[in-house]
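Peer 1: Listed below are the residues making up each chain.
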Amino acid sequence: MANDPIHQFQISKIVPIEIGGLDFSFTNSSAFMVATVVLAGGFLYLTTSSRGLIPSRLQSVSEMSYEFVAGMLRESAGTHGMKFFPLVFSLFMFVLVANLIGMFPYFFTVTSHIIVTFALAMLVIGTVLVYGFWKHGFGFLKLFVPSGVPMVLLPLVVAIEIISFLSRPISLSVRLFANMLAGHITLKVFAGFITMLGSLGAVGVAGAVLPLFMTVALTGLEFLVAFLQAYVFAILTCMYLNDAIHPGH
Amino acid sequence: MAGPDRRGKSGLPGAGSQPGGAGSELDRRLRDLDSALAQKRPAPEAEAERQPVGGSAGFGNALRLSSEFVAAIIVGAGLGWFFDRLAGTSPIGLIVLLLIGFAAGVLNVMRAAGQVAEFGAVGRAGDGGSPGKDGDGGPKDK
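These protein sequence lines map, in sequence, to chains E and D.
Using this note's numbering, read the first sequence as starting at -16 and increasing by one per residue.
Using this note's numbering, read the second sequence as starting at 30 and increasing by one per residue.
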């Protein structure tokens, strides 16, 4: 783990498993995903088990996260959207806890791998498509046909709308992945500057104060980004589900 | 943050519950709380119009814009390349779909900024309870 800023994203096998020529190994990524689920689930379960009418501090943290996601979903998808609350809440908690776990030194950030974020995004878009077609049949395709467009322009507009729709899982996954990846690399690089400058004698040590400040500031920013990316992921999920619930007219 | 004030409001009635006397008294108060909450719920929607302007929701929106634009171009180029490979019309499909991808990217960005209606927003305007644009309708007011 010396000074290689990419090394922190390396996947290593903990328990090698191979079934039918396919690699199903339990890796450090899987371990941290399990840790994320256990931590998020355990926190919510333990803090709400007492069910106090006057909540304790930790219980109110759980209730606040519930209220936060419920309000977000109700606002963007209406009351009908509440049937998707378990999905949105699980996604929000998973991304948030995975991002926050990644902030510990030497820990692995699950969401810094695009395959993980892409799987989450495909889960969202898959839900939108399946629910949209199941609920509205081919009426769901009206989503791509805006009203009041002249017949001549319609093919072009529909093509644009379809590409716009297809870009959603890409932007959803790339945003989360790129933010976590870039943030962690930047942190590592600036932290590396401190040790490099520190080995240059007295002048170097004095100079090393600058990247140290930068690292401290970036750590704060990373915590903000960790929360914001979970928030953005959840709110976009809500907005996409809204399209599945109310496609056009 | 969009959360705290909403949370504060719904947390308020709970804080006001002193140790009550009879169980029926408690039930009555819980029902009152339910109705009070039901009245409060539509209120945040009005607030949502100006909420995203500042704070972390605004920052969240800012983080959205670039990736929305780039993703549409990637998808357009990818589709064009794939189409060319299938149909053997080498540069044409890539060129056309890349251009459409640019258009879709601009559309995505304008949608994310609240300048253009969301998918099917016209139909939803009559629904009343589901303003899809609210989440990012803020910049329009500026």
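For the record, the hints were derived by calculation from the structure and aren't laboratory data.
Heads up, a few of these hints could be off.
What the hints assert, rightly or not - Chain D is faced by these chain E residues, among others (derived, beta-carbon under 7 Å):
1. Thr10
2. Ile143
3. Ile146
4. Val157
We put the beta carbon where it would ideally sit given N, CA and C, even for glycine.
Peer 1: Could you run down the list of hints and mark each one as holding or not?
Peer 2: Verification of the hints:
no. : hint   : result
1   : Thr10  : 27 Å, violated
2   : Ile143 : 5 Å, holds
3   : Ile146 : 4 Å, holds
4   : Val157 : 6 Å, holds
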